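Working from the sequences, and respecting the hints, build out all of it.
Every number in this note's numbering is 41 more than the matching position in the sequence shown, counting from 1.
Calculated from the structure, these hints are not laboratory results.
It is possible that part of the hints are untrue.
[Claimed, not checked] Pair ranges (Cβ atoms, derived): (1) Asp79 - Pro103: 19 to 25 angstroms; (2) Pro61 - Phe110: 17 to 23 angstroms; (3) Asp63 - Phe110: 25 to 31 angstroms; (4) Phe110 - Phe59: 29 to 35 angstroms; (5) Pro80 - Phe59: 25 to 31 angstroms; (6) Ile102 - Asp79: 17 to 23 angstroms; (7) Pro109 - Asn78: 14 to 20 angstroms; (8) Ser62 - Ser89: 15 to 21 angstroms; (9) Ile102 - Glu75: 16 to 22 angstroms; (10) Ser81 - Ile102: 14 to 20 angstroms; (11) Ile105 - Asn78: 17 to 23 angstroms; (12) Phe59 - Asp79: 26 to 32 angstroms.
The structure displayed is predicted, hence computed values, not measured ones.
Every residue gets a Cβ at the ideal spot worked out from N, C-alpha and C, and that includes glycine.
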Amino acid sequence: MLSSPSTLVPHPSFSSTFLPSDILEEIFYHLEVEYENDPSSLLSTLYSCAYVNRNFCKNVIPYIWRKPFYSRKNGLNFTKQKSQKSAKKSE
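Take a look at the structure:
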């Protein structure tokens with residue numbers, strides 16, 4: 042006979058939100074591949090993963106800091122701005 046959910050006791054060494062680091066690394070790797078052309082969405086997703094629990098946070102931080110300065114397609118191009126400023130100064 043099945044017991045009711047209120048009588049079930051979770052095993053003390055297992056949590057439903059705990060995943061081994063190896064599994065989390067695979068998940069984060071596949072997220073990087075999936076969002077390769079959209080770094081803004083990747084960072085947003087990784088930040089969300091950091092709020093799941095301490096284990097997720099510990100494992101996702103290296104992926105967040107792997108490329109801290111990503112370039113956006115419609116973003117600013119700092120090298121272009123710098124060369125334009127130097128050209129104006131030389132006039």
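Hint check:
{"no.": "1", "hint": "Asp79 - Pro103: 19 to 25 angstroms", "result": "holds (20 angstroms)"}
{"no.": "2", "hint": "Pro61 - Phe110: 17 to 23 angstroms", "result": "violated (31 angstroms)"}
{"no.": "3", "hint": "Asp63 - Phe110: 25 to 31 angstroms", "result": "holds (28 angstroms)"}
{"no.": "4", "hint": "Phe110 - Phe59: 29 to 35 angstroms", "result": "holds (32 angstroms)"}
{"no.": "5", "hint": "Pro80 - Phe59: 25 to 31 angstroms", "result": "holds (29 angstroms)"}
{"no.": "6", "hint": "Ile102 - Asp79: 17 to 23 angstroms", "result": "holds (21 angstroms)"}
{"no.": "7", "hint": "Pro109 - Asn78: 14 to 20 angstroms", "result": "holds (18 angstroms)"}
{"no.": "8", "hint": "Ser62 - Ser89: 15 to 21 angstroms", "result": "holds (18 angstroms)"}
{"no.": "9", "hint": "Ile102 - Glu75: 16 to 22 angstroms", "result": "holds (19 angstroms)"}
{"no.": "10", "hint": "Ser81 - Ile102: 14 to 20 angstroms", "result": "holds (18 angstroms)"}
{"no.": "11", "hint": "Ile105 - Asn78: 17 to 23 angstroms", "result": "holds (18 angstroms)"}
{"no.": "12", "hint": "Phe59 - Asp79: 26 to 32 angstroms", "result": "holds (29 angstroms)"}
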